[in-house]
Amino acid sequence: MKTTIDLLKIGDKATIIYVDLDKIPLKLLEMGCLPDNEVEVLQIAPLGDPIYLNVNNGSHLAIRKETAHEIQVELHEK
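Heads up: the sequence shown begins at 123 in the numbering used here, then just goes up one per residue.
The reader is advised that the hints may include incorrect statements.
What the hints assert, rightly or not - Lysine to aspartate or glutamate pairs mimicking DMTMM-like chemistry, simulated, CA-CA at most 20 Å apart:
id: 1; residue 1: 124; residue 2: 192
id: 2; residue 1: 124; residue 2: 162
id: 3; residue 1: 187; residue 2: 152
id: 4; residue 1: 149; residue 2: 171
id: 5; residue 1: 145; residue 2: 134
id: 6; residue 1: 149; residue 2: 134
id: 7; residue 1: 145; residue 2: 128
id: 8; residue 1: 124; residue 2: 134
id: 9; residue 1: 131; residue 2: 196
id: 10; residue 1: 187; residue 2: 142
id: 11; residue 1: 145; residue 2: 171
id: 12; residue 1: 124; residue 2: 152
id: 13; residue 1: 131; residue 2: 152
id: 14; residue 1: 145; residue 2: 199
id: 15; residue 1: 149; residue 2: 199
id: 16; residue 1: 131; residue 2: 188
Everything labelled a hint here was simulated from the structure, so no lab data went into it.
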């Protein structure tokens, strides 16, 4: 199922399928937010922003919800 990172729940795993290079900070791209990489939602702040991710089983990063909305993913089946 195609969706965006901001719509995932804690524990969801997905594969990045599209990143709009004009809307995503270069720092996130350098840390692995690239197509074909896997992401797992580890935590979501109480007010829903930021979202804490594990990218490629190694890079842990927190991203803002508005940025997460720009990263399209394919959700893995549970």
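Consistency of the hints with the structure:
Taking the CA atoms of residue 124 and residue 192, the gap is near 13 Å; set against the 20 Å cutoff, the hint holds. Using a Cα cut-off of 20 Å, the hinted pair residue 124 and residue 162 holds, with the two alpha carbons roughly 15 Å apart. Taking the CA atoms of residue 187 and residue 152, the gap is near 19 Å; set against the 20 Å cutoff, the hint holds. Distance hint between residue 149 and residue 171 is fulfilled; the C-alpha atoms sit about 18 Å from each other, no more than 20 Å.
At roughly 23 Å between alpha-carbon atoms, residue 145 and residue 134 are farther apart than 20 Å, so this suggested pair is violated. Simply put, residue 149 and residue 134 have alpha-carbon atoms about 23 Å apart, too far for the 20 Å limit, and the pair is violated. Proximity of residue 145 to residue 128 is assessed by CA-CA distance (about 15 Å); at most 20 Å being required, the pair is judged to hold. At roughly 13 Å between alpha-carbon atoms, residue 124 and residue 134 fall within 20 Å of each other, so this suggested pair holds.
Between residue 131 and residue 196 the CA atoms are separated by roughly 13 Å; this keeps the pair inside 20 Å, and the hint holds. Note on residue 187 and residue 142: the hinted pairing holds, with a Cα-Cα distance of about 15 Å set against a maximum of 20 Å. Taken as a hint, the residue 145 and residue 171 pair is honoured in the structure, with Cα atoms around 18 Å apart against an allowance of 20 Å. Proximity of residue 124 to residue 152 is assessed by CA-CA distance (about 23 Å); at most 20 Å being required, the pair is judged violated.
Pair hint residue 131 plus residue 152 does not hold up; C-alpha atoms about 24 Å apart against a cutoff of 20 Å. For the hint linking residue 145 to residue 199, the alpha-carbon distance of about 28 Å lies beyond 20 Å, and the restraint is violated. At most 20 Å may separate the alpha-carbon atoms for a hinted pair to count; residue 149 and residue 199 exceed this at roughly 29 Å. Taking the CA atoms of residue 131 and residue 188, the gap is near 16 Å; set against the 20 Å cutoff, the hint holds.
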